[in-house]
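With the first letter of the sequence shown counted as 1, position 75 gets the number 75 in full-length UniProt numbering; the numbers rise by one all the way through.
I should point out that these hints are in silico values taken from the structure, not numbers from a laboratory.
Source: prediction; values computed, not measured.
Quick reminder that beta carbons are idealized off the backbone N, C-alpha and C, glycines included.
Please note that the accuracy of each hint is not assured.
[Stated by the list, open to error] Here are the in silico distance ranges between beta carbons for each label pair:
no. : residue 1 : residue 2 : range
1   : A172      : R4        : 36 to 46 Å
2   : D147      : D181      : 25 to 35 Å
3   : A146      : V116      : 24 to 34 Å
4   : Q164      : R106      : 11 to 21 Å
5   : D26       : A172      : 41 to 51 Å
6   : D181      : E84       : 22 to 32 Å
7   : I139      : P5        : 22 to 32 Å
8   : I66       : D169      : 28 to 38 Å
9   : E153      : V29       : 33 to 43 Å
10  : R170      : P68       : 27 to 37 Å
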Amino acid sequence: MYQRPAIQFCSLCGHATRHAIPDDGDTRVRAICTGCGTVHYQNPLNVVGAIPAADDGRILLCKRNIEPRWGKWTLPAGFMELGETASQGAARETDEEAGADIEMGRLFSVISVPRVGQVHLFYCARLRSDILDPGHETIEARLFHADEIPWDELAFRTVSVTLQRYLEDRQAGLTQVHSIDLD
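Please build the complete structure, drawing on both the sequences and the hints.
So, in structure tokens, the structure goes:
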């Protein structure tokens, strides 16, 4: 199981923390401030993204210009920001990474990745235009037919699994939400 580095100092008052089970009935060790008593929780990060598809079925992928996995292909996705919904975050990431004009659709997959402390949420999206304007995190944004997807060059397992399920569902005419646990 993924362990983030232990919180050493309180983000509110700056005092050192101690690591113990709080007295409030909690059952997990938490960072507790020795000064103000604040209990600090560490929870999974949400990664939000889209499966942008053109009306002709081509799927938008972005070649990463950042680590991790520089130079590998991925669906447009990234960390959800405070103050936005999951679908708003997916739309923002699609705009930032690909400069794509999309119509956001339904939730497609929820993927728990406890090994890295993340939950990935991917939404279906319809490309309104095939004009793309990739941002600085993307080397190239491109549309792929299903038989052109560079499977061996995909950046993340969550992307591979999502694309596989998406293509299977599309071929079978299914509309479902996938809940996937990756170890």
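Please check whether Q164 and R106 have a Cβ separation lying inside 11 to 21 Å. With Cβ atoms ~18 Å apart, the hint holds.
Has the hinted range 24 to 34 Å been met by the Cβ atoms of A146 and V116? 28 Å, holds
R4 and A172 - C-beta distance against the hinted 36 to 46 Å: 39 Å, holds
Could you say whether the range 25 to 35 Å given as a hint is met by the Cβ separation of D147 and D181? 29 Å, holds
Given a hinted range of 33 to 43 Å, is it respected by the beta-carbon distance of E153 and V29? At 40 Å between Cβs, range holds.
So does I139 sit 22 to 32 Å from P5, Cβ to Cβ? Holds, at about 31 Å.
Cβ distance range 27 to 37 Å for R170 and P68, holds or violated: 29 Å, holds
With respect to the beta-carbon atoms only, verify the hint that D26 and A172 lie 41 to 51 Å apart. 44 Å, holds
Looking only at beta-carbon atoms, does the pair I66, D169 fall within the given range of 28 to 38 Å? 30 Å, holds
Between D181 and E84, is the Cβ distance one that fits in 22 to 32 Å? This hint holds: roughly 25 Å between Cβ atoms.
Checked against the numbered hints listed earlier, the structure breaks none of them; every hint is satisfied.
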